[in-house]
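Trainee: Keeping their order, the protein sequence lines are chains S and E.
Here numbering that gives the first Met the number 0 is used: the first residue of the first sequence is 0, the next is one more, and so on.
Here numbering that gives the first Met the number 0 is used: the first residue of the second sequence is 0, the next is one more, and so on.
Check the hints yourself; a few may be wrong.
You can't tell identical chains apart in this list, so a pair holds if it fits in one copy or across any two.
Unchecked claim - Simulated pairs of lysine to any residue, SDA-like, Cα-Cα distance not exceeding 25 Å:
{"id": "1", "residue 1": "Lys212", "residue 2": "Thr231"}
{"id": "2", "residue 1": "Lys214", "residue 2": "Ser284"}
{"id": "3", "residue 1": "Lys212", "residue 2": "Gln287"}
{"id": "4", "residue 1": "Lys214", "residue 2": "Arg275"}
{"id": "5", "residue 1": "Lys214", "residue 2": "Asp154"}
{"id": "6", "residue 1": "Lys212", "residue 2": "Gln197"}
{"id": "7", "residue 1": "Lys214", "residue 2": "Gln197"}
{"id": "8", "residue 1": "Lys214", "residue 2": "Asp232"}
{"id": "9", "residue 1": "Lys214", "residue 2": "Ala277"}
{"id": "10", "residue 1": "Lys214", "residue 2": "Arg133"}
{"id": "11", "residue 1": "Lys214", "residue 2": "Thr74"}
{"id": "12", "residue 1": "Lys212", "residue 2": "Arg275"}
{"id": "13", "residue 1": "Lys212", "residue 2": "Ala277"}
{"id": "14", "residue 1": "Lys214", "residue 2": "Ser38"}
{"id": "15", "residue 1": "Lys214", "residue 2": "Gly258"}
Simulated from the structure, these hints should not be mistaken for laboratory data.
Source: prediction; values computed, not measured.
There are 2 protein chains.
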Amino acid sequence: MTLIECVPNFSEGRRPDVVDAIIAAIAGVPGVSVLDRQSDGVHNRSVITFAGQDDAVAEGAFRGVEAAVRLIDLTQHEGAHPRMGAADVVPFVPLKGQDMPACVAVAHAVGARIARELGVPVYFYEEAARGEERRNLAAVREGQFEGLRAAIARDPDRAPDEGAPAVHPTAGATAVGARAPLIAYNIDLSSRDLGLAQDIARAIRERDGGLPKVKALGLALDDCVQVSINLTDYRVTSMQTAFEAVQVRALEAGVEIRGSEVVGLLPQDALVGLARVALLAHDFSAAQVLEARILDTLL
Amino acid sequence: MTLIECVPNFSEGRRPDVVDAIIAAIAGVPGVSVLDRQSDGVHNRSVITFAGQDDAVAEGAFRGVEAAVRLIDLTQHEGAHPRMGAADVVPFVPLKGQDMPACVAVAHAVGARIARELGVPVYFYEEAARGEERRNLAAVREGQFEGLRAAIARDPDRAPDEGAPAVHPTAGATAVGARAPLIAYNIDLSSRDLGLAQDIARAIRERDGGLPKVKALGLALDDCVQVSINLTDYRVTSMQTAFEAVQVRALEAGVEIRGSEVVGLLPQDALVGLARVALLAHDFSAAQVLEARILDTLL
Numbered sequence: 000m001t002l003i004e005c006v007p008n009f010s011e012g013r014r015p016d017v018v019d020a021i022i023a024a025i026a027g028v029p030g031v032s033v034l035d036r037q038s039d040g041v042h043n044r045s046v047i048t049f050a051g052q053d054d055a056v057a058e059g060a061f062r063g064v065e066a067a068v069r070l071i072d073l074t075q076h077e078g079a080h081p082r083m084g085a086a087d088v089v090p091f092v093p094l095k096g097q098d099m100p101a102c103v104a105v106a107h108a109v110g111a112r113i114a115r116e117l118g119v120p121v122y123f124y125e126e127a128a129r130g131e132e133r134r135n136l137a138a139v140r141e142g143q144f145e146g147l148r149a150a151i152a153r154d155p156d157r158a159p160d161e162g163a164p165a166v167h168p169t170a171g172a173t174a175v176g177a178r179a180p181l182i183a184y185n186i187d188l189s190s191r192d193l194g195l196a197q198d199i200a201r202a203i204r205e206r207d208g209g210l211p212k213v214k215a216l217g218l219a220l221d222d223c224v225q226v227s228i229n230l231t232d233y234r235v236t237s238m239q240t241a242f243e244a245v246q247v248r249a250l251e252a253g254v255e256i257r258g259s260e261v262v263g264l265l266p267q268d269a270l271v272g273l274a275r276v277a278l279l280a281h282d283f284s285a286a287q288v289l290e291a292r293i294l295d296t297l298l
Numbered sequence: 000m001t002l003i004e005c006v007p008n009f010s011e012g013r014r015p016d017v018v019d020a021i022i023a024a025i026a027g028v029p030g031v032s033v034l035d036r037q038s039d040g041v042h043n044r045s046v047i048t049f050a051g052q053d054d055a056v057a058e059g060a061f062r063g064v065e066a067a068v069r070l071i072d073l074t075q076h077e078g079a080h081p082r083m084g085a086a087d088v089v090p091f092v093p094l095k096g097q098d099m100p101a102c103v104a105v106a107h108a109v110g111a112r113i114a115r116e117l118g119v120p121v122y123f124y125e126e127a128a129r130g131e132e133r134r135n136l137a138a139v140r141e142g143q144f145e146g147l148r149a150a151i152a153r154d155p156d157r158a159p160d161e162g163a164p165a166v167h168p169t170a171g172a173t174a175v176g177a178r179a180p181l182i183a184y185n186i187d188l189s190s191r192d193l194g195l196a197q198d199i200a201r202a203i204r205e206r207d208g209g210l211p212k213v214k215a216l217g218l219a220l221d222d223c224v225q226v227s228i229n230l231t232d233y234r235v236t237s238m239q240t241a242f243e244a245v246q247v248r249a250l251e252a253g254v255e256i257r258g259s260e261v262v263g264l265l266p267q268d269a270l271v272g273l274a275r276v277a278l279l280a281h282d283f284s285a286a287q288v289l290e291a292r293i294l295d296t297l298l
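Using the sequences provided together with the hints, build the complete structure.
Mentor: Below you can see the structure in the form of structure tokens.
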């Protein structure tokens with residue numbers, strides 16, 4: 000069983016009926032579980048989260064993109080968030096660390112099918128990128144829907160990975176990728192010293208030479224300060240590692256950790272990893288979790 | 000959704016076709032996932048593990064008992080393990096800490112149905128017991144199949160909780176209960192000092208005044224010693240607490256923990272609890288685990 004997740008972003012956040020129709024297309028695939036939907040009117044964009052076996056998720060992703068291409072006209076679209084396609088980004092996410100290659104394979108298959116059957120050119124990004132320069136989504140999307148046509152005409156290096164080197168007239172282009180699940184993880188300090196939270200955030204984040212796959216900011220809350228963290232690959236830097244990195248620096252300043260919180264969802268694999276570290280349970284595996292076994296029998 | 004588990008023990012461990020038939024009766028209920036089966040020829044006994052929504056599990060348990068009553072004749076049964084019924088014990092187990100009352104309710108309903116429809120008297124034990132003296136399974140089962148008839152005739156206090164005060168001629172009586180999931184958890188010490196492992200086991204186990212809901216033994220393995228633990232209610236004493244209790248005593252003797260292992264399955268809830276403790280993530284909940292959300296949509 001290869002249980003994966005897909006978190007596509009569609010360029011529609013104001014017309015609920017359009018979002019409903021896209022979700023209905025995805026949810027119509029047997030074995031697909033739609034777990035979450037978020038629409039933002041200012042961004043004019045919606046994020047759908049669904050999961051299931053890899054083949055079901057691949058089919059669901061294709062049908063969602065097909066509905067978006069049919070229902071969204073980017074020539075009429077404006078919003079605060081950068082976008083180049085009606086179905087703007089379609090990342091596939093493994094729920095177990097070892098399943099990234101399966102997600103890359105799904106991304107490539109679904110991307111080829113989108114280009115072939117829908118006439119929408121596709122770029123592969125992050126782990127599904129076919130070259131280093133395509134890993135970064137912002138670079139792929141530069142110029143957005145309005146500028147991409149000219150960029151492709153001007154620069155052969157901007158040609159899509161799949162499909163004709165011409166954007167779809169109303170649906171633009173789609174970025175299809177594979178990435179690790181993002182864990183949004185915040186650590187509160189028993190302090191109101193914003194400078195301390197900012198210093199710790201700087202010390203632990205990758206951008207400033209800290210922990211790999213870690214983004215972090217120092218924030219002031221009502222009654223304490225917080226190191227707000229995105230773990231972009233928990234297999235590389237875990238919650239436990241981030242916690243300890245913050246704790247050691249806070250204690251140096253005489254400050255204790257008040258608590259931490261996971262925002263939104265995380266894969267069970269991250270908890271299994273925590274048990275391995277916290278209990279030195281080196282061989283503990285997700286297959287030993289009862290609910291995972293039940294899920295296995297149902298999928 | 001109330002996801003629960005049932006771990007019935009049947010008095011047949013030598014005829015695989017009989018065990019197959021009992022499992023088929025259980026697995027025939029939609030929504031039931033059969034997760035494990037273990038048969039022991041010396042004990043002449045089989046343990047089946049299955050799970051699902053509470054109503055499906057209740058139906059599966061009844062059908063399994065019905066098949067056992069039809070297929071097993073205790074007048075012809077001998078084995079090393081004490082038993083009083085064809086379906087000997089039927090414990091219902093919550094997968095989330097807060098669902099124990101639901102398991103008690105299922106135990107009472109299934110027990111009443113077994114007595115009424117199958118003519119097998121039922122005793123409620125552990126959390127489902129209707130009096131303190133019935134909590135302990137060994138006390139309920141004293142005299143076993145062969146002695147129970149006389150014990151009931153002699154002593155009104157031995158009358159069953161449901162059904163006529165007379166054992167079924169071939170199927171005996173059944174103990175139906177509710178209990179927390181048992182976690183089998185072993186901690187290896189970097190030492191070959193069996194006395195140390197035994198001392199630590201004695202210090203941490205409930206029987207000798209240690210941690211509540213903890214059973215423990217010191218064992219010698221090939222290349223180290225082990226504190227072998229049963230956590231009979233992880234909500235009362237968690238893996239983390241047991242680990243720390245062993246670690247502090249080992250370190251006093253200058254010995255480090257080499258590692259730990261979970262034997263068999265544990266509920267995801269135990270991992271969620273671990274995250275709360277290890278990361279001070281006080282509000283973290285099982286509903287934030289992606290696989291739990293998928294399971295919710297499937298059940």
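Trainee: Of the hints given before, which are not true for this structure?
Mentor: Hints 5 and 11 contradicted; others consistent.
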